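Protein chains: 2
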Amino acid sequence: MRNIKLIIEYDGTRYFGWQKQPELRTIQEEIENAIKKITKEDVKLIGSGRTDRGVHARGQVANFHTNSRIPADKFKFALNSVLPFDISIKESTQVDESFHARYSAKGKQYRYLVYNSKTRSPLLRDYSYHVPYTLDLYKIREGAKFFIGTYDFRAFMSSKSCVEDTIRTIYNLEIIENGDLIELKVKGNGFLYNMVRIIVGTLIEVGCGKKKIQDIPKIIESKDRNEAGHTAQPQGLYLDKVFY
Amino acid sequence: MRNIKLIIEYDGTRYFGWQKQPELRTIQEEIENAIKKITKEDVKLIGSGRTDRGVHARGQVANFHTNSRIPADKFKFALNSVLPFDISIKESTQVDESFHARYSAKGKQYRYLVYNSKTRSPLLRDYSYHVPYTLDLYKIREGAKFFIGTYDFRAFMSSKSCVEDTIRTIYNLEIIENGDLIELKVKGNGFLYNMVRIIVGTLIEVGCGKKKIQDIPKIIESKDRNEAGHTAQPQGLYLDKVFY
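Residue numbers (the UniProt record's numbering), protein chains in the order written: chain A, 1 to 244; chain B, 1 to 244.
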């Protein structure tokens, strides 16, 4: 059997996230259905990880095994012709038998878009987190520095998660300002459940003065979800790249 | 009566354009209805100009007269509380009795977003024009220079329009490249019906080699709509600013 790797862009607005669930529209199921239409096979699509309801991706990665003889790079066009308008395959390639979108991943890069304006933005409503109060970018930038490195990020994991090894490395966390838009770009070897959104929520609380810059190392040390800030809204989050 | 000026952002995806039409959802009608909810008055909202179905705005301007005693800057919040999620008032101010959003306008700035990639983009589907073939940016940039200046732009006006004075001045036409995205930013003293979209369509045809750079001055001179390129899709167009 051949192993096919897909790079996927999607608008998460209309979906209940990546992972297949009975009775709900999910990205995984849409793509599995599209593969079935093309190959007549029931495949299991392995994603690099889940994304939540409303979260977007510019570079989600997934793989599946197939007996189909369709050339690997043609899957892209064949699948795009049957996928809904809000999911698109950007690349399809044949990979080594051993490649596993989740277990082979060495790291990920996410972006988070904050729209910082007194009034809401119709154009960005599903694509950013609207923060209507003044944010101090200096504080956000200084606060962000504390996240870079290898730490136990348990305080920045949703309390719903049961993961035991909560040590992760963040390689960088960049803050890019562009008018009313604040973009947070974060790259790490892996992320806990809701970790990016809780980091963003915490930095926003630092930016508006609810928390202090110096609180961040203490929150990390506390390993207590209650010490960290709120979970920033899903629609500002984009899975940009998965590294292998 | 007081004269209130609004600066408006909207996502044009769900609307049949700005201008009120019986039985159709339009931006003008939504805002007039919102003003009625707030003031109990039937007002006529004067826009700086129409935008077509699917076209967006970051800075449309409109004005209306009212006897309401609501402070001018409070209209913004009051209207946003009743407007649908895809229309937002960014500013509301009281202006001179003589101010007229259309007749007082001295110029406009539009942006047009082209997504140049072999595969479609789910995230940009309603917010850009997807051009799947290779574009030569050098040719587009060189071609764009011919549009700057004062010309009779009759060849770049929809044949549906009956406007007689077709002389307009384009102050600048900038091409900004950002990965797969090509942004065209154009500023002028006024634009004919579909003028920006026909200019973009023509430049895309120059970029893909269907037309030559040197054809552009000849097309302008011809004053013939049939000589110019196609009308680029509405969803890539944004009315950014109106100058007074």
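If you are wondering where the hints come from, they were derived from the structure by calculation, not from laboratory data. Given the structure is predicted, the values throughout are model-derived calculations rather than measurements. Mixed in with the good hints, there may be bad ones.
Each pair may be met inside one copy or between any two copies, as identical chains are not told apart.
Below, simulated EDC-like cross-link-like pairs (lysine to aspartate or glutamate); rule was C-alpha separation at most 16 Å, straight line [stated by the list, open to error]:
1. K20 with E227
2. K241 with D96
3. K90 with D180
4. K241 with E177
5. K118 with E91
6. K74 with E91
7. K139 with D152
8. K118 with D73
9. K36 with D240
10. K160 with D42
11. K223 with D240
Now the hints, each set against the structure:
1. K20 with E227: neither (32 Å within a copy, 52 Å between copies)
2. K241 with D96: Answer is neither: 20 Å inside a copy and 52 Å across each miss the 16 Å cutoff.
3. K90 with D180: Result: close only across copies, 12 Å inter versus 30 Å intra.
4. K241 with E177: Cα proximity of K241 and E177: none, with 21 Å in one copy and 21 Å across.
5. K118 with E91: This pair counts as between: shortest inter-copy Cα distance 10 Å, intra-copy 39 Å.
6. K74 with E91: Classified as within: same-chain Cα gap 9 Å, cross-chain 50 Å, threshold 16 Å.
7. K139 with D152: So K139 and D152 fail the 16 Å test inside a copy (23 Å) and across (53 Å) alike.
8. K118 with D73: between (46 Å within a copy, 12 Å between copies)
9. K36 with D240: Cα proximity of K36 and D240: none, with 26 Å in one copy and 44 Å across.
10. K160 with D42: neither (31 Å within a copy, 52 Å between copies)
11. K223 with D240: neither (27 Å within a copy, 46 Å between copies)
Hints 1, 2, 4, 7, 9, 10, 11 from the earlier list are contradicted by this structure; the remaining hints agree with it.
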